[in-house]
Amino acid sequence: MNRTDATVFVVDDDPSVRKGLLRLIRSAGWQGEAFASAQEFLAQAALSRAGCVVLDVRMPGMTGPELRDLMAAQGISLPVIFLTGHGDIHTGVDAMKKGAVDFLQKPVDDEVLLQAIQQALERHAAAQIYRQELERIQACLLSLTPREREVMEYVIGGWLNKQIAAELAISEKTVKIHRGCVMHKMDVHSVAELVRQCETAGIAPRLPTAG
Amino acid sequence: MSPEYSAPRAALEKRLRFETLLADLSSEFVNLPAGEVDREIMDAQRRICEFLDLDFSVVWQRSDEVSDLFLATHFYGVPQVPQPAERLKDEDYPWFKQQLLAGRIVSFSSLEELPAEAARDRESFRQLGTKSNLTLPLAVGGASMIGVLALNATRAERNWPDALVKRLQLVAQVFTNALSRKRVEQALRDLADRYKTITTTTTDGFWEIDHSGKIVDSNDEAGHLYGYSRGEFLTKSLSDVEANENPAEVRAHLEQVMAAGYARFETRHRCKNGHIIDVEVSTTYRPSSETFLAFLRNITERKRAEEVQRKSEGRLEASVELAGVGYYEVDFGESSSFADERFGDICGVPAGQQQGIQRVEFWIEHIHPADRQHVLEERRKAHAGEIERYDVEYRYLHPAHGQKWIHQLGCVATRKATRHVIRAYGVVSDITERKLLSERLRIAADEWQTTFDSINDLVLILDREYRIVRVNAATVRFLGLPLERIVRSVCSPLMHGTPCTIDGCPGQKTFQTNLPANLELFHADSGKWLLVSTYPIRDAAGTVIGAVEVARDISERKQTEAELQRLRSHLWHVDRVAQTGAITASLAHELNQPLTAILSNAQAGLRFLDGGNADPGEIRAILADIVHDDKRAGTIISGLRTMLRRKETPRETINLAHTIEEILALVHSELVSRHVDLRPRLEPDALVLADKGQVQQVMLNLLMNAAEAMQDQPADQRRLELTLTRTDTGEALVAVRDSGPGIPEDQQDKLFEAFWTTKNQGLGIGLPISRSIIESHGGRLSFTNNPDQGATFFFTLPLAMHADPSVPGASSAARPGAA
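Protein sequences appear in the order of chains R and L. Sequential numbering of the first sequence, starting at 0, is according to numbering that gives the first Met the number 0. Sequential numbering of the second sequence, starting at 0, is according to numbering that gives the first Met the number 0.
Next comes chain R alone, as it looks inside the complex:
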């Protein structure tokens, strides 16, 4: 991961805090950018860049958690680290449940924060890869015909060709053809791979009925 590529976004209404945090981030070698409010962040941040967000919980206007929810709703996938000045367990638990990287107390120790940022950035990077893969899979999926799609679902469900043919009332041979196309279009070399890809894409296998 190219560190200089990643940007740590700081959103906190307190200017001193922003200043301090930015310095700390820079001292760790990352790039930092600070915003005084959620609105400012949404409006101005280059959200496509790789990075993460250090988010103050209590802010006037939109709070940290609210911003995170909004980001999630808008599909902004930057990982979030929450900073709070007032130790609200409820908020923290809630935040963690919703996928925050961490929920930290102010005043925050540099090691703790930087570690969280590192974790966030890695997660982000990982997430990026994952997303790319998913996009690819989805593109492949899109290229499938409906029948092909159907057959795939049976295949990843562990159905034998014979069984699929019987289920769909088509010949086994046809099934085999479809299966070949799927393997090809999905760019996989094994059923296991296909299963993994479908899992990733969230395609549900058709499960065999009893008997």
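Since the hints were derived computationally from the structure, they do not count as laboratory data. The C-beta atom is built at its ideal place from N, Cα and C for all residues, glycine as well.
In silico contact screen, one side only, chain L against chain R (beta carbon under 10 Å); selected entries:
{"hint": "1", "residue": "E589"}
{"hint": "2", "residue": "A596"}
{"hint": "3", "residue": "L598"}
{"hint": "4", "residue": "R606"}
{"hint": "5", "residue": "D624"}
{"hint": "6", "residue": "S668"}
{"hint": "7", "residue": "L670"}
{"hint": "8", "residue": "L677"}
These stretches of chain R come out as covered by chain L in the derived footprint (C-beta under 8 Å, 3 or more residues):
{"hint": "9", "stretch": "10-22"}
{"hint": "10", "stretch": "101-109"}
If you anchor each label on the Cβ, the simulated ranges turn out as follows:
{"hint": "11", "chain 1": "R", "residue 1": "D108", "chain 2": "L", "residue 2": "R619", "range": "21 to 31 Å"}
{"hint": "12", "chain 1": "L", "residue 1": "D715", "chain 2": "R", "residue 2": "A126", "range": "28 to 38 Å"}
{"hint": "13", "chain 1": "L", "residue 1": "D684", "chain 2": "R", "residue 2": "A126", "range": "53 to 63 Å"}
{"hint": "14", "chain 1": "R", "residue 1": "Y129", "chain 2": "L", "residue 2": "L608", "range": "33 to 43 Å"}
{"hint": "15", "chain 1": "R", "residue 1": "Q104", "chain 2": "L", "residue 2": "K557", "range": "53 to 63 Å"}
{"hint": "16", "chain 1": "R", "residue 1": "R195", "chain 2": "L", "residue 2": "G580", "range": "52 to 62 Å"}
Could you slot chain L onto chain R? The hints should help.
Using the frame of chain R, we list chain L on its own:
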């Protein structure tokens, strides 16, 4: 040469000469005026003595007063002969005197001729030098002897022949006649003189009128009485002056005089000018001359005086009757007494004149035994002349009416020379009613006094010069001074130790405005607080003539008030702490911000330094930021300390905008957490005299209330407007306007009630305390529902009159370390 009677021619001549002498003497004395009698007698004595060659002659006259006393009235003697004694002494001439008194002639030629019983006389004569003596009585017609003529020879003895004696008796007779006549004339002259004296010196008129009524004589007074001159008057007669219109009376007077020889009566006469006067006539009648002699006195004045007296007596009687006074007289001399009707009523005795003095005894008996001694003692003093009159009040047991109170004035009218009282008189009046009234009055006064003295408050009565007229017992106790030192002193030094009235003196205010006034005053001497109230005292005309000053000891109340204030302050403190406590979490958050910044900055700095490429400028900037953030934290801490401090601080001139900003810094996090959008607009120059912590307490209260009011509003509709302005009326006005639901009507009255709250937590004393705080600063705190939405709570504080130069105006009010 001794006379020789035997020589005939010589004797005849002698005899002739003698007769001539006698004849001369006789004729000389015939028409002798009385005044020359004495001289002539002595001259005659001389001529006789010379003729007869005798040595001395004495005329002894009997005294008018003492009939057996002889006084020498005439004397002639030859030069060597001594004067005789004035009077003929009994002890020297007893026999001689006896002879004279018997009217006998005494003659002796020699002393031996004197009889044996005249031994004494003989001796006296011898001493005198008399050898021979002839003494002839001077008697008027054989009747009373008026004296004697004595002829004496001292050089030689001599004979007294009868013929000579007889001739000398003639001389004696002449002398007698002369002397008698002189006496009579003297008597007549005396009488005339007396008459004249009486008639001229009398102030009364005097006249003599004859039987026809003509005035034959009068004195000047008579004329004057009627307005005539004397000359004029003598031409008048009785009819000219008689003015009595009752002829019967006139006649009666006349008859009375003529019958009795004397009468006195009153009648009326007419004066020259026609005036009628009352006259008292005192007249005698002389039947011999048929003339009336009368003394006349103008009694018009007297009559008028009598009339006046009668009238005044009448008036006196009337007034005595009107006064309800009873009158009495006691005549000890005649042993009688008089009491009028009123006296009879009052004392229960019959009225009128009464013989005997039983009334007096009755009266004494009925005096109340307890008072009797005193009354009788006073009466005794008056009777003894020790006092002019006696004035007593006593209880009297009226036989029918029971006990009454009597006031008596008693007096002594006349006394005998022996100081024994003859007449006494006096007046009595029934004063039962008055006594009862004065008794009731005394009781009322006692009750008043008791009440007055039982009042615990100090009561003073002052005159307009602030002098103390009267005080009650409580005042005497309080001041701890003897009464004499209090009364008539000016009140100022006693009440507040200054020589004159102090500022706000309620007495002064009352005198100026004629209305009640009061003042709370600390009395240094006793260490007590007094509430002094004054009320005007008016006279009948309504003029304020003084004041009643009531001072109540309010030390306890003051103490209670002080305690109350202490408790209140404590409560305020508790509330302040509680309110601060309520935002502790936010405060902690607020502190966290600078702390976070400091930590991050410092750790970043360390990292830079560890990295080996630290830029000194950067480090410097980091350190500067750390300092800034530290101070910021310090401000919050000090703000917190202000809110939490226990100690009362005195009020100072503070910049209200800075004060508000401080508390805003403290609540910032809280408001943020509540999503409250705060918009402050603060006028920078409002200075007030206030307790900063208390003002911040009020702000905190209002801000928190506003935030909580809006908590049910959507998050983006929680607007809080905070304004600070200065009004035209010299006040600072702070308004906190929220966008909540406003105050419902049924809750508006209860807002400022203690312990009333709609919140789940809190005591509900925030607003009442905030109001108390603001009011104690001289401001008002209230609220109003906004026309659009929500409520506005506002308060005012009086702007400080003088800007305190020590208070920074526009610069930051954050003074680190300021309490």
